[in-house]
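Numbering (the numbering used here), first residue to last: 35 to 215.
The hints are simulated quantities; they were obtained by calculation from the structure and are not laboratory data.
Where a beta carbon is used, it is the ideal one built from N, C-alpha and C, also for glycine.
It cannot be assumed that every hint is accurate.
Stated by the list, open to error - Pairwise CB distance ranges (calculated):
1) Arg97 - Glu179: 51 to 57 angstroms
2) Ala103 - Glu173: 44 to 50 angstroms
3) Glu112 - Lys200: 41 to 47 angstroms
4) Ser180 - Asp90: 45 to 51 angstroms
5) Ala187 - Asn160: 51 to 57 angstroms
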Amino acid sequence: SLAAAPAAAVMPVVFSRAIAASVHEQVNPSMGNRTLVIVQMAGGNDGLNTIVPTNDGLYYDTRPSVNIAPGKSLLLNEDVGLNPSLTAFKELWDEGTLAIVEGVGYPKPNFSHFNSMDVWQTADPNVRGFEGWVGRYLEGVVDVESNNVISLAVGRRLPREMNSNKVSSPVIDTVSAYRIQ
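Make the full structure from the sequences, and use the hints.
Dropping the structure here:
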């Protein structure tokens, strides 16, 4: 998953321009040229060793053999730092183009990993539907008749959060392999 992080930097121009133009024109002309890149690091990502609580003694006490050693993380502020392998993220942070959202949860969790993933992907604690939160967002900003490509998934399948009954998003294996044939 970390390999996908620099995808924004190498995103084919056709997508970055289409996304920026479509969102710019359809949502709010004052937004400027913005692109939202969501990096979901699933499947074994250790959140506490990604965003490291550098000033929390409990972190070091409870993880004596798997912590990021003091002074090794890439400091974001006095309390947290990034894993030292995330230098590209640190550059984006320093530029002011990366935001990190920590401590996201939902009411009355049942502590099931699978249920929690369903809630995350649908943004619905009751997980009643097929559509994901990104898919619902896209439905609100896309002119379905225009055939503009404003979203893209990199991976083997469309992430559930991008499911939509109205908007299609292409899925590609890798950004580098994508070419207009």
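Checked hints:
1. Range check, Arg97 to Glu179: Cβ separation about 53 angstroms, and the 51 to 57 angstroms hint holds.
2. In this structure the hint that Ala103 and Glu173 lie 44 to 50 angstroms apart at CB holds, the actual value being about 46 angstroms.
3. At roughly 45 angstroms, the beta-carbon separation of Glu112 and Lys200 lies within the given 41 to 47 angstroms, and the hint holds.
4. Take Ser180 and Asp90: their Cβ atoms lie about 49 angstroms apart, and the range 45 to 51 angstroms holds.
5. In this structure the hint that Ala187 and Asn160 lie 51 to 57 angstroms apart at CB is violated, the actual value being about 25 angstroms.
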